[in-house]
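Visitor: Letter by letter, the chains look like this.
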Amino acid sequence: MRGGHLLHPVLAIAVVAAFPMQARSGIFGKNQPLPDWAVQANKTRTPDYVKDASAVILYDEYVEAIDATGRPTERERQAIRILKPQGRHNTCAVGYDVDEKINYFRVWTVAADEKQYMAQDTDFVEAGDTQIPVMLSTYKERIAHPPAVDVGATVFCESEEVLRPYMHEKVWRIQNGIPVVFQALEIDLPQGGHHAEAWHSFKAVPGVEVAPGHWRWEVRDMPALDLRDIPSHPEWEALAARMSVQWGDAAVEGKENEWKAVGAWVTGLEADRPQPSPEITAFTQSLIAGAPDFYSKLSRITENIQKNIRYFVVSRGISGFQANHAGDIFRNRYGDCKDKTTLLISMLRVAGINAYYMPVDDRRGIVDPEVPSIYGNHMIAAIEVPADVNDSRLMALAKGHDGRRYLIFDPTNERTPVGNLPAYLQGSYGILSAGPASQVLALPILPPEGNGNERKGSFTLGADGALTGQVDVTHGGSGGAELRLSLKDSDEKERRQALENSVAHDVPGVVLNSFQYVQPAELDKPMELHYKFTAAQYAHSAGPLLLVRPRVVGSDAMAFNDKLRTVPIDLNATGRWRDSFDIALPAGYVVDETPDPVSLDLDFASYHSTVTVKADQLHYERELVVKQVELPASRVADFRKLESAILMDEKGTAVLKKQ
Amino acid sequence: MRLKHLLFSLCCLPVAFTSQLRAQFPAPTKEELEMTSDPKAPGADAVYFYREETTDDSLHYHSVYARIKVLSEKGKELATVRIPYERHNFKVTDIKGRTIHSDGTAVPLTTKPSDLVDVKTKEVQINTAVFTLPSVEVGSILEYKFQIRYEDNVVNSPDWDVQQPYFVHKAHYAFLPAKGMYVITNSRGEALNRLMYGSVGGIGEKVSHKITGGYELDLTDIPAIPSEDWMPPQNSVNWRLQFYYTQYATGAEFWQKEGNRWQKEADHFAEPTKALRESVTQIVAANDSDDQKSRKIYAAVMKLDNTDFTREKSKAELKSEKLKQVKDAEDVWKQKSGSSDELALLYIALARAAGLHAYPMQIVNRNHAIFDPTLMSTSQLDDYVAIVSIDGKDVYLDPGQKMCPYGVLHWKHMLASGFRESDKGLGAGTTPATPYTTNLVDRIADLTIDPSGNVKGTIRFILRGQEALHWRQLSLRTDENEVKKQFNEEIRRELPEGVQADFNHFLGLPDYESNLLAMVDVSGTLANVTGKHLILPEEFFGAHAGHPFVSQDKRMTPIDVHFALMKQDAVTYHVPAEFTIENPPAPASIGWANHAAFKSSSTVKGNDIVATRTIGYNYTVLDSKEYGDLHDFYQKVAAADQQQIVLTRSQTARGN
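So the sequences go chain by chain: A and B. Per the numbering used here, the very first residue in the first sequence carries number 1; after that it's consecutive. Per the numbering used here, the very first residue in the second sequence carries number 1; after that it's consecutive.
In case anyone wonders, no lab produced these hints; they're calculated from the structure. Heads up, none of these hints are tricks.
Here are the in silico distance ranges between beta carbons for each label pair:
| no. | chain 1 | residue 1 | chain 2 | residue 2 | range |
| --- | --- | --- | --- | --- | --- |
| 1 | A | Pro544 | B | Lys40 | 54 to 60 Å |
| 2 | A | Glu522 | B | Pro233 | 43 to 49 Å |
| 3 | B | Gly189 | A | Val171 | 56 to 62 Å |
| 4 | B | Asp161 | A | Pro520 | 37 to 43 Å |
| 5 | A | Ile318 | B | Gly546 | 46 to 52 Å |
Predicted, not measured: the structure shown is a model, and the values here were computed from it. Cβ atoms here follow ideal geometry from the backbone N, Cα and C, with glycine treated the same way.
Here chain A stands alone, though its shape is the one from the complex (with noise of 0.2 Å):
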């Protein structure tokens, strides 16, 4: 777990009178009509195909009012409807940063008996996002909880936003987690204006312009998207339907140009950034001294930010898009992902090694290579490898439209090795900002040699079903280093609890005798754990017989059903992961039947397993390879054969026979 340190709040307990706050004026509104927009909003008859929804949205209208500098004005109107009781958390929020200014919020409500009620300043709280322990942040939000909002009741909400005059775009998210009936945007271009817009995960509309420079898009009856009874499904964002529309630099003509524009942004934006501070300098230089080759020298400088840039994140107004300076964020030894890309950049250039920002986002499928974009939320780096370096750990390559090869690396993961890459990346997209060669790359999916683990298990059966014996695992690749990170964030005792749950899902009542981590300092080499354990009942009697299963610990299947599959299958990460786990028997036992081989080979993954005896010993052997990241829907029967597969070996039974 990461945390902050947090101290209890201090409250005023004693207070001589009191002192009121001066309500403040006008943000709010004082006891205004309904609206026009909204009585017409109201008449909309709850569709039937709302199904179980706990409320709908009848209305949602954006309209950004673009002035001569490209900065937005932001005015929402929305109406929604409580259908359920769980539906009444559904109201609304306005967020708001440093860089911007809410010039009012209006929320009214139509109850249930259509009496009507406008949200007063008491009606309405503020909450900063101060609880994630690793951020600090100025980002806030003004949110409504009006009166009356019950079932039956419409809440309707109106505010404008002077938005950041930075941001020159709009993504229009147009599905949600409730049903949308009508959804509308406006953009009202400074004359001689452009714009350029994309949609992902729904067919385009076409805009109208309804006026000069004044475009505008609308939606019906969109459908919620709920993904909670769907295992193995992908990121909820990267399957909601959305649009993004530009007006700045990048509403130009030509996806593959407004992705140079976006990515030519970010060089701006983080141009003076990674300028190397003498400090900087001076540390680089002694810690490449004398290092061999290109991979000597790179994974010297990642692996020293990995280990001593502390993740902290200063989130205040553009810093939430701009980085640190390369000098600030050395001295202090703390950075969020942008700094840390910061500081590789900075060092990378000492070593005269070219790197490069890459924003992305570490939800696979969210940045989409038909939507040029600055959406996402996080930020990697794109290391330039020379044409004469040719090595083999160096496996997260991808190349560019000028054939350039970049290496693809997140300095923000601390304990992935440089060369490989964190399976949440692999299959994603990312936008290279490299000035005038800016564009979007698609990023590598890892062989499955780049990662998985490698199981042995020695144990020994009694008469009595007791089972002991020792794990010894080898970790590689992006697993590998998850796990190192799971140990960073845990303490002595949580990792021995963790690793008790773990087996004991497999051999309940399972006593661990020890267990050891080994962490090699070098993050390219595996970790391994081993651990030792007694399970008192593992085997069980029936009559003369003794059922023993081959597969002690540890699991390879995911998640499925049978039920019917509209959305991708995420398959997490490619990989190979083998168990090989010998058991002697008990004297006075053979083996009367062993579970039937599995042989299973697919296009995106193979499944192999075998129960054999020698002499007194149950010798089981698997090996699961995933080679790709994630299947189309039309797949699952596959999926389905595969899981099943492993599902039916991991529970398979030996039979021992008393002789």
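The hints should help you fit chain B onto chain A, whose structure is shown.
Guide: Only chain B this time, still in chain A's reference frame:
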């Protein structure tokens, strides 16, 4: 709850005292710099070398100082310090800090701390001051101090949370109360001219009262805050000490006087007015027994709108509907709506109006705290329950818990202490716990297994007591569809891997006095089929269920399982005709005297196997000394739940 006093709304005049702030950071010792682990806190990610909290209520400030050793990557999290405070009266000042590397190099805090809004309403604003120390490494010493200053018209007696997330080697606490305390008054205008304190963890005995009028507490080797599954509320285990300005000389006097005040207010609210007396004649018949009257009144109160399960109307709605703010039970009855506490007191008013001996009891909600008699504050009391005397016997009722059957308390109100009234007057009391027989979960499955090992069938759940109450109360806050979804999600976790559950329907969801029935369809792959055998889990539900207290072999804190419970399973497997069972598993019986029992057995009738399993525990809270027995019991249960049934394929079916 509208009845509560604002006991600690105080006021005072400013008085000047000399500040005793630590001016300089002390130099670290060689041992501190070189330390890589701490034998007093093995495996710790960080330790506090020293913590100091000082409050001067005359000069109106708290000061905090900490010196911390970082021993692992995780320990670096202590470099970020968050100080929540109420912005209207308080401000955070004089923040200073530094990081000392293990070579002795000190890096000062130079970045300006941030002052962030946490929550802001028209009435109150809570901010958080945040700073993060620079250049932190494993092995660093973190050092910081700050002050929280408050207005001259405010006093703020301290609440010392002595235990921290990490081990503390040495701690010093000091409190200099406001002098001239005669000017401190509460919201009722009463002069608070005395000072008292209460503590948890036995640390109160170590407080020294100085000749200067101040109080000091010095402690060494303070263990980290415990964190274990199924712990009782933190307030009952964490060491802390709290000071109060008060008008009372002793704790006994406090509880007596405040109790009298509480009783007066509760009785005033629950006054059986003329209107209520008239109303109750419509609810009960003159010749009803006391028990019948009580049950009828309880049912009438249960029918009313409980705003804790729906929502409270805003002032604007009340005004629009020409309703006034509720002031007493008669208002609640007229409006047919009230909060849980108001409905509990309405029950008492109506019962009294019907001539019953009914009494209010206000208790601490056991879901978040345990009543602490050393804490001189009635604000720790949360919820009202009702006690009615039927044939000379106290019957505890929970009219504020919608859907709670008559005679049953919600588990959060069981074994909960607080004030109660009785025929003898006011007193302290503790509510009873119910035995395991009142909280039942019966699972009856009828499953057909095909020769490939696939399963199809139904499960009937019969829930009574707390288990039924949980789902019924959920149905008030959501709709039935959502309850079904959540029920489905919960039972899936207990089914064998490969088996799917699809909720079918509930029976008796709105009828809180009856059992709750839930029907679920199941399908999927259950049995393991080999050439000769078909192997089934004997315990359809137990085999995959997560058992508590199995993996952890030691325990520091008491165990609180919320309520006693019994689960009974009866699973009928219809197996294919070509398989026969030769050796049914031996019956299992595991006992833990006076605490818990487990039994399982299987019987065979033709091609049907009936596997039964019963587990019950008749405890709610256990001392940590009993953990060994608890651990042993559940280890045996977990192993017994893995028992399997082996069926053998007939020779004919094998093709021999």
